[in-house]
Amino acid sequence: MDLTNYNNRDISKDYRYVKVDPIPTTPWEKFKRVVKRTFSCELFVGLWIVFREMIKFNIHTVQYPAEKLPISPRYRAIHKLLRLMESGNERCIGCGLCEKICIANCIRMDTKIDENSRKAVTEYTINFGRCIFCGYCAEVCPELAIVHGGDYENASEQRAHFALKEDMLTPIDIFKAGKQKEFPGFGALSKNADENVKKTPLAY
Amino acid sequence: MCTTTGFIIETVIKLLVILLVFSALAGFATYIERKVLAFMQRRLGPMNVGPYGILQVLADGIKLFSKEDIVPQNSVKPIFKIAPIIAAASAFTAMAAIPFLPEFTIFGHTVQPIVADINVGVLYVLGVMAIGMYAPLLAGMASSNKWSLLGAARTVIQFLSFEVVTGLSIIAPLMMVGSLSLIDINDYQAGGMQNWLIWSQPIAFILFLLSGYAETNRTPFDLLEHEAEIVSGYATEYSGMRWGLFFIGEYANMFTVAFLVSIIFLGGYNPWGFIPGGIAILLKVSFFIFLFLWVRAAWPHVRPDQLMWLFWKVLMPIAVVNILITGLLLM
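One line per chain: the protein sequences are F and Z, in this order. Quick note: the first sequence uses the working numbering, first residue 6, plus one each step. Quick note: the second sequence uses the working numbering, first residue 3, plus one each step.
One thing to keep in mind: the hints can contain errors.
Unchecked claim - Here are the simulated DSS-like cross-link-like pairs (lysine-lysine), alpha carbons at most 30 angstroms apart as the crow flies:
| # | chain 1 | residue 1 | chain 2 | residue 2 |
| --- | --- | --- | --- | --- |
| 1 | F | Lys35 | Z | Lys65 |
| 2 | F | Lys124 | F | Lys73 |
| 3 | F | Lys73 | Z | Lys315 |
| 4 | F | Lys41 | F | Lys124 |
| 5 | F | Lys41 | Z | Lys315 |
Said to hold, decoys possible - Stretches of chain F that chain Z covers, calculated by requiring three or more beta carbons in the stretch to come under 8 angstroms of a beta carbon on chain Z:
| # | stretch |
| --- | --- |
| 6 | 50–59 |
| 7 | 160–167 |
Stated by the list, open to error - Take a look, some chain F residues computed to stay more than 10 angstroms from chain Z by CB distance:
| # | residue |
| --- | --- |
| 8 | Arg123 |
| 9 | Asp156 |
| 10 | Asp172 |
Bear in mind the hints are in silico, worked out from the structure with no lab data behind them. Positions of the beta carbon are idealized from the N, C-alpha and C atoms, including for glycine.
If we strip away everything but chain F, and leave its shape as in the complex, we get (with noise of 0.2 angstroms):
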């Protein structure tokens, strides 16, 4: 999705100036005023603008369940965990820096060095009921591994749904088809981010 609109916050453009007329104080500018009021027909108007909406029949209803509207990418829903695109490994390396940005403190994680000597995550949570969808996690994340999703529709028995590292990461078999999206809000890389790297000389 184009962002452009998103950045425009300048809408004076738009501004239209209404005329008001002056306020009457003496009785005889008031009589005025509901003798033109009455005889301008102001009432009519009234009623020919709300007829006139409905011969368009122009509905703005959405008719939530079964249609909904498209949300911003910068939305700040449920956390997603990605995977690499490669191999589909994990991305998250375990450091535990959104463990310790997180303000509302609800993010824990467990690790452990695996058999390859490498950091693995085994546990990853966190507490819905105590997050506050800031968004810190998701942009002090170096690998681009917790983010924001778009599920908003968090209605469910129990308050520890979402929460788990296994409710957040990408299934395999949704990675492997293909369908695990990028994340384009919230310290995501830019577009242009190839041109802004420096290549790292390497003298050996």
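Assemble chain Z onto chain F, guided by the hints.
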């Protein structure tokens, strides 16, 4: 003996038909109201219960019937319980003197679709409808709730304001007809559109329509239950079927006023061009019901002081002058 029994049976059938038809219409009118208001505000209105939400009325009815019946602790309980019954009963009682359709014959038996053709029909209808204002008054005063009390106070000022204009505005056409029976008024306008009383009494028509809106507590005169100011007015403490009775009463009153205006000013059930009388009056009533909803979508409420200003200082003098001019022209 046989004719008396037949008369009683016929009247009972008429009563049942009116009660059932207008209860159902009151329910259906809520659906129409929600739809029309929604379309005028670029919404869809109820869509989920049944095709295009048409069964929403049923769902609402079931909800109203199965709700807990709450009577507040400090209320005056007998009056609190009787007030909604006054609302519904007076609204249906007022319909007794209204001829809904022209005479028709069914199974070789001529039926007059009016329960009682009394010679003071208009007076009776207006009187019983005015009794209906006791319902919000008593409900508001018995609820022991300040919003309800404010609603009741507003009932009184609204009643005192519109009832004068209702009476005075209707005097001018009655002077021309010379009878208070609605059937006589209807027959006076026989013979086509040019005989309708709206052409000779346009001011009385507007005044009567305005006070009809005040009488049925509809926008722009719905001070009694003005949500933004006094929560729900006299009905704040009511729930379930007691509240439903107020609702049925309000919609039945809307139909009564629509029938009254159609009969007194718009030629009633006389044939209208090629349209037969029965369909003509239904068309007129439907238009006035639509006008009630249309006005609700378009116009803001008035304040209580504006209401009193409008009725006492503007409409009442106009009504009196209208009577004077009509009297001079009739002499």
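Hints breached by this structure
When the structure is compared with the hints, numbers 1, 2, 3, 4, 7 turn out to be violated.
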